[in-house]
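Same order as they appear, the protein sequences are chains C and G.
Throughout the first sequence, residue numbering follows the working numbering, covering 1 to 617 in sequence.
Throughout the second sequence, residue numbering follows the working numbering, covering 1 to 350 in sequence.
One thing to keep in mind: the hints can contain errors.
Unchecked claim - Simulated crosslink set (EDC-like; lysine to aspartate or glutamate; CA at most 20 Å straight-line):
| hint | chain 1 | residue 1 | chain 2 | residue 2 |
| --- | --- | --- | --- | --- |
| 1 | C | Lys424 | G | Glu339 |
| 2 | C | Lys564 | C | Asp479 |
| 3 | C | Lys188 | G | Glu326 |
| 4 | C | Lys285 | G | Glu339 |
| 5 | C | Lys424 | G | Glu326 |
| 6 | C | Lys259 | G | Glu339 |
| 7 | G | Lys252 | G | Glu269 |
| 8 | C | Lys231 | G | Asp345 |
| 9 | G | Lys24 | C | Asp479 |
| 10 | G | Lys55 | C | Asp438 |
| 11 | C | Lys259 | G | Glu338 |
| 12 | C | Lys285 | G | Glu326 |
| 13 | C | Lys198 | G | Asp345 |
| 14 | C | Lys125 | C | Glu57 |
| 15 | G | Lys46 | G | Asp28 |
| 16 | G | Lys46 | G | Asp22 |
| 17 | C | Lys259 | C | Glu430 |
| 18 | C | Lys196 | G | Asp343 |
| 19 | C | Lys424 | G | Asp350 |
| 20 | C | Lys285 | G | Glu269 |
| 21 | C | Lys188 | G | Glu338 |
| 22 | C | Lys567 | C | Glu586 |
| 23 | C | Lys196 | G | Asp345 |
| 24 | C | Lys106 | C | Glu17 |
| 25 | C | Lys424 | G | Glu338 |
| 26 | C | Lys259 | C | Glu17 |
| 27 | C | Lys231 | G | Asp350 |
| 28 | C | Lys259 | G | Asp350 |
| 29 | C | Lys424 | G | Glu178 |
| 30 | C | Lys285 | G | Glu332 |
| 31 | C | Lys285 | G | Asp343 |
Derived from the structure by calculation, the hints contain no laboratory data.
Residues per chain, in single letters:
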Amino acid sequence: MDLQPSSKSSSPQSLKEVVIRFAGDSGDGMQLTGTEFTRAAALAGNDIATFPDFPAEIRAPAGTLAGVSGFQLHFASHSIFTPGDAPDVIVAMNAAALKANLNDLKEGGILIVNEGSFTKANLKKAGYEANPLEDGSLDGRRLIAIDMNQLVAKALDETELSPKEVARCKNFWALGLMYWLYSREPAKQIDWIQAKFKRKPELAKANILAFKAGYAYGDATELFQETFEVKSADMPQGRYRRVMGNNALAMGFVAAANKADLPLFLGSYPITPASDILHDLARYKRFGVTTFQAEDEIAAMGAAIGAAYGGALAMATTSGPGLALKGEAMGLAMILELPVVVVNVQRAGPSTGMPTKTEQSDFLQAMYGRNGDCPVAVLAAKSPADCFDTAIEASRIAIKYRCPVIVLSDGYIANGAEPWRMPKPENIPEIDPGFRTDPEGYMPYARNPDTLARDWVRPGTPGLQHRVGGLEKDQLTGDVSYDPENHETMVRLREEKIQNIANDVTEAQVEGAQEGDLLVVGWGGTYGALKQGVAAHLAQGNKVGHLHLRWLSPLPRGLEDIFKRYKKVLVCELNRGQVWRHLRAEYLVPAEKYTKVQGLPFMVSEIKEAIDAHLAK
Amino acid sequence: MTNVAKIKEPAEQAPIPFTRKDMKTENDVRWCPGCGDYAILASIQKTMPTLGVAKEDLVFISGIGCSSRFPYYMNTYGMHSIHGRAPTFATGLKVSRPELSIWMVTGDGDGFSIGGNHMIHLLRRNVDINVLLFNNEIYGLTKGQYSPTSEVGKVAKSTPYGSVDHPVNPMAIAMGAEASFMARVADTDAALMTDIFQKAHEHKGTAFIEILQNCIVFNDGAFVQVSDKKQRNANQVLLEHGKPLIYDDGKKGIALNTDTMKPYIVDLEANPEKTSDLLVHDEKDATGMLCHVYAWMRHPEMPIPVGVFRALQRPSYDEAVNAQREAIIAKEGRGTLEELLNDGDVWDVD
Numbered sequence: 001m002d003l004q005p006s007s008k009s010s011s012p013q014s015l016k017e018v019v020i021r022f023a024g025d026s027g028d029g030m031q032l033t034g035t036e037f038t039r040a041a042a043l044a045g046n047d048i049a050t051f052p053d054f055p056a057e058i059r060a061p062a063g064t065l066a067g068v069s070g071f072q073l074h075f076a077s078h079s080i081f082t083p084g085d086a087p088d089v090i091v092a093m094n095a096a097a098l099k100a101n102l103n104d105l106k107e108g109g110i111l112i113v114n115e116g117s118f119t120k121a122n123l124k125k126a127g128y129e130a131n132p133l134e135d136g137s138l139d140g141r142r143l144i145a146i147d148m149n150q151l152v153a154k155a156l157d158e159t160e161l162s163p164k165e166v167a168r169c170k171n172f173w174a175l176g177l178m179y180w181l182y183s184r185e186p187a188k189q190i191d192w193i194q195a196k197f198k199r200k201p202e203l204a205k206a207n208i209l210a211f212k213a214g215y216a217y218g219d220a221t222e223l224f225q226e227t228f229e230v231k232s233a234d235m236p237q238g239r240y241r242r243v244m245g246n247n248a249l250a251m252g253f254v255a256a257a258n259k260a261d262l263p264l265f266l267g268s269y270p271i272t273p274a275s276d277i278l279h280d281l282a283r284y285k286r287f288g289v290t291t292f293q294a295e296d297e298i299a300a301m302g303a304a305i306g307a308a309y310g311g312a313l314a315m316a317t318t319s320g321p322g323l324a325l326k327g328e329a330m331g332l333a334m335i336l337e338l339p340v341v342v343v344n345v346q347r348a349g350p351s352t353g354m355p356t357k358t359e360q361s362d363f364l365q366a367m368y369g370r371n372g373d374c375p376v377a378v379l380a381a382k383s384p385a386d387c388f389d390t391a392i393e394a395s396r397i398a399i400k401y402r403c404p405v406i407v408l409s410d411g412y413i414a415n416g417a418e419p420w421r422m423p424k425p426e427n428i429p430e431i432d433p434g435f436r437t438d439p440e441g442y443m444p445y446a447r448n449p450d451t452l453a454r455d456w457v458r459p460g461t462p463g464l465q466h467r468v469g470g471l472e473k474d475q476l477t478g479d480v481s482y483d484p485e486n487h488e489t490m491v492r493l494r495e496e497k498i499q500n501i502a503n504d505v506t507e508a509q510v511e512g513a514q515e516g517d518l519l520v521v522g523w524g525g526t527y528g529a530l531k532q533g534v535a536a537h538l539a540q541g542n543k544v545g546h547l548h549l550r551w552l553s554p555l556p557r558g559l560e561d562i563f564k565r566y567k568k569v570l571v572c573e574l575n576r577g578q579v580w581r582h583l584r585a586e587y588l589v590p591a592e593k594y595t596k597v598q599g600l601p602f603m604v605s606e607i608k609e610a611i612d613a614h615l616a617k
Numbered sequence: 001m002t003n004v005a006k007i008k009e010p011a012e013q014a015p016i017p018f019t020r021k022d023m024k025t026e027n028d029v030r031w032c033p034g035c036g037d038y039a040i041l042a043s044i045q046k047t048m049p050t051l052g053v054a055k056e057d058l059v060f061i062s063g064i065g066c067s068s069r070f071p072y073y074m075n076t077y078g079m080h081s082i083h084g085r086a087p088t089f090a091t092g093l094k095v096s097r098p099e100l101s102i103w104m105v106t107g108d109g110d111g112f113s114i115g116g117n118h119m120i121h122l123l124r125r126n127v128d129i130n131v132l133l134f135n136n137e138i139y140g141l142t143k144g145q146y147s148p149t150s151e152v153g154k155v156a157k158s159t160p161y162g163s164v165d166h167p168v169n170p171m172a173i174a175m176g177a178e179a180s181f182m183a184r185v186a187d188t189d190a191a192l193m194t195d196i197f198q199k200a201h202e203h204k205g206t207a208f209i210e211i212l213q214n215c216i217v218f219n220d221g222a223f224v225q226v227s228d229k230k231q232r233n234a235n236q237v238l239l240e241h242g243k244p245l246i247y248d249d250g251k252k253g254i255a256l257n258t259d260t261m262k263p264y265i266v267d268l269e270a271n272p273e274k275t276s277d278l279l280v281h282d283e284k285d286a287t288g289m290l291c292h293v294y295a296w297m298r299h300p301e302m303p304i305p306v307g308v309f310r311a312l313q314r315p316s317y318d319e320a321v322n323a324q325r326e327a328i329i330a331k332e333g334r335g336t337l338e339e340l341l342n343d344g345d346v347w348d349v350d
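Please work from the sequences and hints to get the whole structure.
What follows is the structure, encoded as structure tokens:
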């Protein structure tokens, strides 16, 4: 069977943007369907933003609300910055998926459901007393009910697969239907399935059959009155790829090590949602990467510090609970004054919290989660693609200032995807490790007068033998010192060194109104929602600015002046006001806060309304 | 970017010879007068110049505790790290810099209480470093609490009515982690210490050395049976590869009852013909059987085994990690940034 773009007579209706959510049991393969449809949109030149949302359980009980896994994709013919607030289309593979997602659907939105899974048992598991497909409760939506189970079974009739294996192909059937509905070219997808199941030709064949059957079904039936297309977005010239935050971090660190001509060493203990960085770097061995899966979070941090002591670009990856365990070792790295980067992909806390759900609630832990006065550098990535630049920036600062640097990412940008205009490798600046090899006049804790960084000396360097440790040390010789004045000097020097980083990073810049009624302040992965929320107000002529902080420790220069240019300051973050508290303490600015702690990112509409409310006050 | 942070090729230059004096730092040694640590420090300083390793390639890494002050007294590279975690820093350093000779100093609290987990994983990974466990069966630096190796009933500051918890057996734990090199020596036996340190250095993989060390202030005489030179011969049996277990100046030996798998003492004065019954030490015994027997030989029922329990070759972690990466690079070619970025679905916008 050859697939041609829609054979229906009318040409597809052109849309500027679409938000689709795929939802099903965690075993239904919805993450794959979503990822693949995203790939198709990206390759077709759309701007994209995605939001996968899945339970922590690998396979929660089938058919239950707890087991529902979702993947939201926003694709557009113009620039977009978030995965979209409300879906235009929901694809629900069973009753629980419908129930968990229905309320989010836009008014008049399209609802495509697999009615084959709306059995009595599944309805009961989802908590439905009557079948919503039959009782009129879905009126007002464009309901398209299809028995995908039966159609997939029919399409795979001739294969040797077991009924269970057949059922597992229905995500490709749904993908085929969506390809048809949005006028996507199917050939590349078929190639992809071939390649993916190279070692299992029978599964490749079955999934291709299912995919084609879904596509053909749209074309042949009268269920759909029209098809749609979203034209390619007008994006700046360059080479692009689709990238997720964790993936971009992994590549960024490889790039940084390359530019510093240092081996890259990762110490890590698996933890959601950071593990993918370990997985990626473990694949990158041929780029000179060493990964060490440690026995625990502490060992991962210790090994990274050991590698840094040996002269590697060393890093550790973790999430909130892991950062808590790393605290003591990070304090050692700080007092040893060795370069080491710690990535914290934040998740909802406290304690184990909600591992697969996003939050920004580790800011205060990153700042203060160690004994003693122990400042370290902290910066945050604002989007999946920005993770690449963030990794390089973190590495550059760690190496230059010989200090631990914490990168704050979060579950939302770690797993979310967007198109990334890649830099040319030759345009990424070199990083100079500046190892000391000259024994003449060497004192382990003498400092560079500009940066206040001490020398990085690798064991094995003749004539520079010295001892380092966690005990307070003399400000020059590095010998153990209990001298009161010396301790005060050292505590201040270490603090000043971190503050000096502000001389080395971009000054704070406001987007939108440069002065006026309200300044929206955010950091990290909320960038897209804040940007679009502010943009909506700018379109109405409101004088609203948006300041998004990349550097949190030290804070960038010029903030005080920026705050003065607005009547009100509103800090928006996914915690109970951690950066809000910090800014108020640092600048005595009467900032207000808008917060959300639901394990979910901000919606643009929420930001828009929060700004409304504060403008009206 | 390079693969390892190597500073020089090992064969580039022969190490400049040095003496034990060169190993001393200007720091005053601050252990209590009469502490067993002094003798261990002297033996280490004496051994280092004999290893053929350049002075700058020696690294001492410790955790926290009395013994962990050790790096401050060695004129080498050194790190006094945090409590219990020395194996983690040593592992990261050795993997990155396999050409360095790394010596880890720890105690019974540091190594088998707070750092027990790391110790197990260090040993099972077989990272090529040398571990000096200063076992004095007491917490010294915190001023005299019982330790995880203290005997049941230990009256100490935190156990005025005696401790009730059962101690760990470091050698048995090392065996459980399949340590590839295990040795034991008393802190007063300078000759045996030097011999063991040299063998530990030659061994590829983790060399685990339990030093029975006397804490003169909080647990004096804990190992008097073997540390007192007058009693030593009668109370310890020196393990020598390929030789029968004989002690007490040839008067006694150890044999194994192969029905019960238990060791027993043979009186060789009364029964010289039974020499042929004695257990013959095999440091390469891959079954772990012999080490298990030695680990549970306790005074006063049995003499305390000292010397090298085990020296078995198996691949070291640092070697394996680096070999794997180099093999991948050799096979697939060294990756460039261009390849890294383009490894995915890319598209061009003109």
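Now the hints, each set against the structure:
The suggested pairing of lysine 424 (chain C) with glutamate 339 (chain G) holds, with an alpha-carbon distance near 11 Å, which does not exceed 20 Å. Restraint check for lysine 564 (chain C) and aspartate 479 (chain C): not satisfied, since their Cα atoms lie roughly 46 Å apart, outside the 20 Å limit. Our distance criterion of 20 Å between C-alpha atoms is broken by lysine 188 (chain C) and glutamate 326 (chain G), whose separation comes to about 35 Å. Proximity of lysine 285 (chain C) to glutamate 339 (chain G) is assessed by CA-CA distance (about 13 Å); at most 20 Å being required, the pair is judged to hold.
Restraint check for lysine 424 (chain C) and glutamate 326 (chain G): the C-alpha separation of about 27 Å exceeds 20 Å, so the hint is violated. The suggested pairing of lysine 259 (chain C) with glutamate 339 (chain G) holds, with an alpha-carbon distance near 15 Å, which does not exceed 20 Å. Only pairs whose Cα atoms come within 20 Å are accepted, and lysine 252 (chain G) paired with glutamate 269 (chain G) is accepted, the gap being roughly 7 Å. Distance check on the hinted pair: lysine 231 (chain C) and aspartate 345 (chain G) sit about 19 Å apart at the alpha-carbon level, within 20 Å; holds.
Taking the CA atoms of lysine 24 (chain G) and aspartate 479 (chain C), the gap is about 15 Å. The hint holds against a cut of 20 Å. Restraint check for lysine 55 (chain G) and aspartate 438 (chain C): satisfied, since their Cα atoms lie roughly 16 Å apart, inside the 20 Å limit. Note on lysine 259 (chain C) and glutamate 338 (chain G): the hinted pairing holds, with a Cα-Cα distance of about 13 Å set against a maximum of 20 Å. Distance hint between lysine 285 (chain C) and glutamate 326 (chain G) is fulfilled; the C-alpha atoms sit about 8 Å from each other, no more than 20 Å.
At most 20 Å may separate the alpha-carbon atoms for a hinted pair to count; lysine 198 (chain C) and aspartate 345 (chain G) meet this at roughly 18 Å. Between lysine 125 (chain C) and glutamate 57 (chain C), the direct Cα distance comes to roughly 17 Å. Compliance with the 20 Å bound is thereby established for this hinted pair. As the CA atoms of lysine 46 (chain G) and aspartate 28 (chain G) are separated by approximately 18 Å, the hinted pair is consistent with the 20 Å bound. With a C-alpha separation of about 10 Å, the suggested pair lysine 46 (chain G) and aspartate 22 (chain G) falls inside the 20 Å cut-off, and the hint holds.
For the hint linking lysine 259 (chain C) to glutamate 430 (chain C), the alpha-carbon distance of about 5 Å falls within 20 Å, and the restraint holds. Annotation: proposed proximity of lysine 196 (chain C) to aspartate 343 (chain G) holds, straight-line Cα distance about 15 Å (limit 20 Å). For the hint pairing lysine 424 (chain C) with aspartate 350 (chain G), the CA-to-CA distance comes to about 15 Å; that is within 20 Å, so the pair holds. As the CA atoms of lysine 285 (chain C) and glutamate 269 (chain G) are separated by approximately 63 Å, the hinted pair breaks the 20 Å bound.
Pair hint lysine 188 (chain C) plus glutamate 338 (chain G) does not hold up; C-alpha atoms about 24 Å apart against a cutoff of 20 Å. A hinted pair counts as satisfied when its Cα atoms are at most 20 Å apart, and lysine 567 (chain C) with glutamate 586 (chain C) qualifies at roughly 18 Å. For a cut-off of 20 Å, the pair hint linking lysine 196 (chain C) to aspartate 345 (chain G) stands: about 14 Å separates their Cα positions. In summary, the hint linking lysine 106 (chain C) to glutamate 17 (chain C) is supported, as the alpha carbons are separated by about 13 Å, within the 20 Å threshold.
Restraint check for lysine 424 (chain C) and glutamate 338 (chain G): satisfied, since their Cα atoms lie roughly 8 Å apart, inside the 20 Å limit. Between the alpha carbons of lysine 259 (chain C) and glutamate 17 (chain C) the distance comes to roughly 39 Å, so the proposed pair goes past 20 Å and is violated. Simply put, lysine 231 (chain C) and aspartate 350 (chain G) have alpha-carbon atoms about 15 Å apart, close enough for the 20 Å limit, and the pair holds. Distance hint between lysine 259 (chain C) and aspartate 350 (chain G) is unfulfilled; the C-alpha atoms sit about 28 Å from each other, more than 20 Å.
Taking the CA atoms of lysine 424 (chain C) and glutamate 178 (chain G), the gap is about 49 Å. The hint is violated against a cut of 20 Å. Taken as a hint, the lysine 285 (chain C) and glutamate 332 (chain G) pair is honoured in the structure, with Cα atoms around 10 Å apart against an allowance of 20 Å. For the hint linking lysine 285 (chain C) to aspartate 343 (chain G), the alpha-carbon distance of about 14 Å falls within 20 Å, and the restraint holds.
The structure shown violates the earlier hints numbered 2, 3, 5, 20, 21, 26, 28, 29.
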